[in-house]
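Participant: Here the sequence shown stands for residues 1 to 160, where the numbers follow the working numbering.
No wet-lab data here; the hints were simulated from the structure. Virtual Cβ for every residue (Gly too), placed ideally from N, Cα, C. Hints are not guaranteed to be accurate.
Said to hold, decoys possible - Label pairs and their calculated CB-CB ranges: (1) 127 with 152: 28 to 36 Å; (2) 79 with 20: 19 to 27 Å; (3) 129 with 38: 28 to 36 Å.
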Amino acid sequence: MLAWIESLPKEVAVLIVSSLPIFELRGAIPLGASLGMPLVKVYCLSLVGNLIPVIPLLLFFKYFFHRLEDIKFLGKFFHWWFARVEKKSKIVERWGFWGLVCFVAIPLPVTGAWTGTAAATLFEVKTKKAFLAILIGVSIAGVIVSLVVTGIFNLPILTK
Numbered sequence: 001m002l003a004w005i006e007s008l009p010k011e012v013a014v015l016i017v018s019s020l021p022i023f024e025l026r027g028a029i030p031l032g033a034s035l036g037m038p039l040v041k042v043y044c045l046s047l048v049g050n051l052i053p054v055i056p057l058l059l060f061f062k063y064f065f066h067r068l069e070d071i072k073f074l075g076k077f078f079h080w081w082f083a084r085v086e087k088k089s090k091i092v093e094r095w096g097f098w099g100l101v102c103f104v105a106i107p108l109p110v111t112g113a114w115t116g117t118a119a120a121t122l123f124e125v126k127t128k129k130a131f132l133a134i135l136i137g138v139s140i141a142g143v144i145v146s147l148v149v150t151g152i153f154n155l156p157i158l159t160k
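Let the sequences and hints guide you as you build the complete structure.
Facilitator: Structure, rendered in structure tokens:
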């Protein structure tokens, strides 16, 4: 484990990891479980941590995207990321609210709250509606990841 995580209280480590892009609660729930924390506590902390960046991102993504696209490296990254989001999130474009819920609920890389927020911004889903969809999606993803971590639900891809 990384030294900076070990130096933090377990709860803070779970909150921080769950708020990070890519890791989100998909990484925080296994982390909390490996630290011996009760699963319900890990789930709740991961859910809160995963949602912390969502409201600021929903409110400011368009503004930041347009400002950051002028910076050479960041602009290229954001253009690449938004093109990828657009390609991967056709379900959001087609099904709107429920498509966003499903997109965020799939516990795979590049389908979590951060990318869901980008998809909601890209397809101009209203902020309150987008937050609710992301909340529901993250909640479902957290249940799935928790079931996998406990061994109740076994994914063959993880046991090879």
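Participant: Does the structure break any of the earlier hints, and which numbers would those be?
Facilitator: Failing hints: none at all.
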